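Asks: Sequence:
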Amino acid sequence: MKVTGATLLRLGLARFAALLCVLLLMAAPARAHYLDIVQFTLVEQANPNVHQLVVTMPANLDANAPLIVPRHCVLMQRDSVTEGQSHIVSMMIDCDPELAEQAGTELTGQIETRWGRDGGMLQLQMLDGSSASVMLSGNRTGISLDMPVWDELAAQPPQGFLEKAWRYLELGTVHVLIGWDHLAFVFCLAMLATGLPLIGLITSFTVGHSLSLALAHLGLVNIPIAPVEAVIALSVVFMAREVFFTPGSRLSLRRAQNPEAFPESQAQVHSHRWRMGVTAAFGLIHGLGFASVLGELGVSAADTVIALAFFNIGVEAGQVLFVGAILLALAILRRLGRVEYALMHATTCLVGGMGVFWTLQRVVG
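Residue numbers (this note's numbering): 95 to 459.
Some clues are possibly wrong.
Simulated restraints, written as ranges between beta carbons of each label pair [what the hints assert, rightly or not]:
no., residue 1, residue 2, range
1, 223, 454, 21 to 27 Å
2, 290, 222, 31 to 37 Å
3, 171, 407, 40 to 46 Å
4, 235, 148, 48 to 54 Å
5, 419, 294, 35 to 41 Å
6, 366, 177, 39 to 45 Å
7, 240, 290, 50 to 56 Å
8, 314, 220, 53 to 59 Å
9, 458, 240, 41 to 47 Å
10, 172, 424, 49 to 55 Å
11, 171, 240, 54 to 60 Å
12, 140, 293, 57 to 63 Å
Just so you know, these hints were derived from the structure itself, not from any lab.
Just so you know, these numbers come straight off a predicted model, no measurement behind them.
C-beta atoms are modelled at their ideal positions from N, C-alpha and C, and glycine is treated no differently.
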């Protein structure tokens, strides 16, 4: 058989793409539905100089991360406990006006934390039973709380509808785009069908995760996150397998090599309607993973509707962006002929392999 330069080029590109995908996927975290989102609660004390700060964060964050207080403040006590998938850190901070005078500083400053790089919620609980809350934007180092916060926050008007809606939409979009296992599942959907069937799969997945997200956030469904994460990883394995063996998928390897490999009865088992049902079922599981993010944020009862609606819209926006990027890449690769097929084959193999890796790591670890 004559080997041409074009054939060698295609093989080289496929191998390079496979290596690149391996490196990227190996860098992905095993637990892909955790964001660095925290809830800060400042509890007013009888002594106006003493503040109780309670921080609720995902269990994958370091509860012992350093905390920097203003020079006129002293960290008197720090305790932490783990409840389920969350760390709860409670601290007593004493800010003495005399210390500020001795240091020649004003009664201002910041409590600097290493948590909340993706945002958070600050809630104030007053002695008279009233409360106030505000959503916080994260940064690369973590959230800093300005001191004093009591009068400042109480004097601020409540955050408006548009401000809250934008923040929840942003969180939903970011959550999807950094969720490797979720992106892997959506990639498989994009490989599994084209045109209207693809829209049907995406829609059924959306219906599934929207329903379970709402039920879990409202407390009507309560399933531990560990088995949920394991099944999410398993869903990637299942869908990667479907990409290879389902008639009508972008690969359909057996059918491409032998059109008679799928008798009619087997094709019916793999019908589009059946795939939509399976996709919706997996969507229910993925939605439970999404709900854990809103749970970590500590959404108030008054913001439940806006949080569910716009976080979900953000999730859909992230999905649309990702699917659009895949379709654009395929349109470009289609000009390369067999290179497109080789790249899809290699990437789907890698996605399925990482699904197996995630499943084992989440079950064993």
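Asks: Going back to the hint list, which numbers does this structure go against?
Replies: 1, 2, 4, 5, 8, 11
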